[in-house]
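In case you want the letters, here they are:
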Amino acid sequence: MVFSTPIFVFGFLPAFLATYYVLPSKARNWLILLASTLFYAWWRADALFVLYAIAGGSFLSGHVVSRTTHAAVKIWAVRVGVCFNLAVLFWFKYTTFLLGNLNTALGGDALVVPEIILPIGLSFLAFQSISYIVDVARGDAPVAKKLSDFLAFSTLFPQLIAGPVLRYKDLAHQFAHRKHSLLLFSAGLRRFLQGLAMKLLVADGVAPLADRMFALPDPSMAEAWLGALAFSVQLFFDFSGYSSMAIGLGLMIGFRFPENFANPYTSSSITEFWRRWHISLSTWLRDYLYIPLGGNRSGNFKTYRNLLLTMVLGGIWHGANWTFVIWGIWHGGLMAVERALVAKHRSFAWPKVIAWPLTMVFVLLGWVVFRAETLGEAVAMYAGMLGANGASLRLEVVTLTTTSELLFLLLGVVLSIAPRLNLPRFEPSPALQFATLSILCFVALQVRTNSPFLYFQF
Amino acid sequence: MQSHSDTISTLCIVALTVVFSLGAISNTHAGDPTHGWLKGTYQRGYESRFERSVPANDGAVALWAAVKWSLFQEMSTGAVASKDGWLFTAEEFSEPGETRDLREELARVGKILAKYGISLVPVIVPDKARMHEHHLARGRSEKFASRYDRALSSIKAAGLVGVDLRDALSFPDSFKRTDTHWSPEGARRAALEIAAVVSIYDFPHTNVTTVETGSVLFEGDLIAFVPTGQFRARVGPPREYIKTFETSVTPAGDLFQEVTIPVALVGTSFSAKQEFHFEGFLKQALQADVLNASSVGQGPFVPMDTFLDEISKLSSLPSVVVWEIPERFLSSQR
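Sequence lines, in order, name chains X and S. The numbering of the first sequence is the numbering used here, which starts it at 1 and goes up by one. The numbering of the second sequence is the numbering used here, which starts it at 1 and goes up by one.
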């Protein structure tokens, strides 16, 4: 089920919240589990098997890890649990890609490539489950005492499909004790509406523009840069909007989820960008990949290698496509370069005057290969950006580009970089914000009926 | 500290959501939940019924469309509005999603038809944006501007006789203002132009008469991209009318003589949609009966594939096949 649909806003959510607040506290976690099951099954019920296999397997692994007194058993329980999660993820996400590439390498179609449907949200679930097993083994997280609570955590519908990537240790106590109040509920509702507006108005408002530019076989310089800019705004407002909705939904039922974005488009380096973009993923990658690989503890070369490896694996996590590998190399490589520059002689990686615009250019260039469906498409866009197909917008592109697309693009850009612009603060009363956002979201909700979140595909 | 206005606004939103929720849930037919739930088909069905049941759904859609139309003369993705209230499909400004190489297709189809002794007459219907360029705020780039000439060259290179419809459709109302397609008058003039070319082939003629029967309100296909609903009378787009026609064919020969239809028409909605009456005008112009094998929504290539697949089942073969191909289905790249 998608948050920005009438079935969720006018069907699932009111029914869930009404039941939640009618039930006694003890029954609420069970209701969350039941509702999350229905929420996930709304996509297709047979995928529940995968969901519960991963959650159940991870619970079992954590249970063994916490109970055993033998170090060897503990290590093997962790290995088996992590490998189980990775194996499921690999099978569903990478089998087709791997076999397809093997066939290409072998110059034929000797290997049968099965049609595998990737269960939505699997990548997020696998990462959450791995962090649980590892944290329990490290003694960083309490072991889940009740299977029902762990299943409710694993399937928690506000964040089930596209994060934030939660850790059990951050939420365990919230499953036992949560505060509920009208104040929290109002704050949650407002946050949800903000996220809904980000998604329905800005992200969906510029999406057609980005789609059209990326569909051009030979984009000009202006078209390619316009497409990259539009996609940058679309992706940020789509994913950040989703995260806001998840955080708001959590608040409505007493959960406090960590923030997932902190003005990423104001960053002055790629390193800073990753402290502000998809924070739950970047901290996961740091804690469970970069640091176990050695982090920055074993000299410069290994630090650069670890940065590159971490970002490449982070790229592959997004999808089974060479485009994500290149995107990971791009970001990992830039982080390594920035690390080298900082280590060498200064506190900033890039000269202060150009640091922000340069970083934004890096980010935009990265989004091109991230958005492109194939490497060929990405190369075509890059060629366009360099002016290989002329500089100006062609007449058809101007005709098809609407005023509202440009207005939403401008709004998105301004909001994204607002902290850098020192704009006069305009803060209408919460009640007015509430009313305006509600009306706009209600109308947009009816119009934009088919707009899944970009991160659902991961 | 929760202010009173915060509390009131929260409660108002909750109350409104509950009202909409109860309205939508009570108006949505549950369907049969025992079928399709495993793969999600039941869920998709329920969801689309639910969306239509949300109170004020139509009003919200109409309001959104009316605001965009009033402020920016803007339509939904898929169509563009230009000067004087003229609407155009976006397909005439972008590469076709699925296309085939025209030269190869003409060679393939011509060869198959030739085996049956049938002549092929391809007809490229020029874009509305080409014939009504003066209604566009901006023109189109060279690739699109030269597409029609390239298509005619492909026809010539395939050794076929083509029809250039540009002169025939060069008059103010050759296309409908709110529709992708030609007007009945445009269809009539196109039919005359085609008949002039097809008449080089020998086929039996019959008596055909066409009469104008009146005029009715016309809802162009592009109106779907600006669903202003109840606000349309105030904000537009303005309505338009279309003339209606009837064509009658007097069977030739004896009552028990085998019926032969000498010309087949294969094509798209330009030929298949009754309101433009192209089939009738073609019969009138040819003074011959026409087998219409056109279909809506499949482009020009699929109907021809279907026709070729079923040609052997025809009781009598036509002498000529007119293949109507809208320009927008051809690539501008070659």
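Everything labelled a hint here was simulated from the structure, so no lab data went into it. Mixed in with the good hints, there may be bad ones.
Unchecked claim - Negatives, chain S to chain X, calculated, CB over 10 Å:
1) 16
2) 121
3) 203
4) 204
5) 231
6) 236
7) 243
8) 245
9) 296
10) 301
To be verified - Which residues of chain X face chain S? A few of them, derived with a C-beta cut under 10 Å, are:
11) 14
12) 46
13) 50
14) 53
15) 69
16) 147
17) 149
18) 173
19) 189
20) 211
21) 398
22) 427
For clarity, every value in this text was computed on a predicted model and none was experimentally measured. Note that CB positions come from ideal geometry on N, CA and C, so glycine has one too.
Hints, verified against the model:
1. 16: Violated, because the least Cβ-Cβ distance between residue 16 of chain S and chain X comes to about 8 Å, which does not exceed 10 Å.
2. 121: 30 Å, holds
3. 203: Its Cβ never comes within 10 Å of chain X, the nearest being 41 Å, so this holds.
4. 204: Label holds. Min Cβ-Cβ 46 Å, cutoff 10 Å.
5. 231: 13 Å, holds
6. 236: Given a closest Cβ separation of 17 Å, the condition holds.
7. 243: 30 Å, holds
8. 245: Given that every Cβ of chain X is farther than 10 Å from that of residue 245 of chain S, nearest at about 34 Å, it holds.
9. 296: 23 Å, holds
10. 301: 20 Å, holds
11. 14: Since chain S brings a Cβ to about 4 Å from residue 14 of chain X, closer than 10 Å, the hint holds.
12. 46: 5 Å, holds
13. 50: 13 Å, violated
14. 53: This hint is violated: residue 53 of chain X lies away from chain S, its Cβ roughly 16 Å from the closest one there, beyond 10 Å.
15. 69: Where the cut-off is 10 Å and the nearest Cβ of chain S is about 44 Å from residue 69 of chain X, the hint is violated.
16. 147: The hint is violated - residue 147 of chain X has no Cβ within 10 Å of chain S, the shortest such distance being about 24 Å.
17. 149: 27 Å, violated
18. 173: 25 Å, violated
19. 189: Status holds, d = 6 Å.
20. 211: Check passed: Cβ of residue 211 of chain X comes within 9 Å of chain S, closer than 10 Å.
21. 398: 6 Å, holds
22. 427: Violated - the Cβ of residue 427 of chain X stays beyond 10 Å from chain S, reaching only about 14 Å at its closest.
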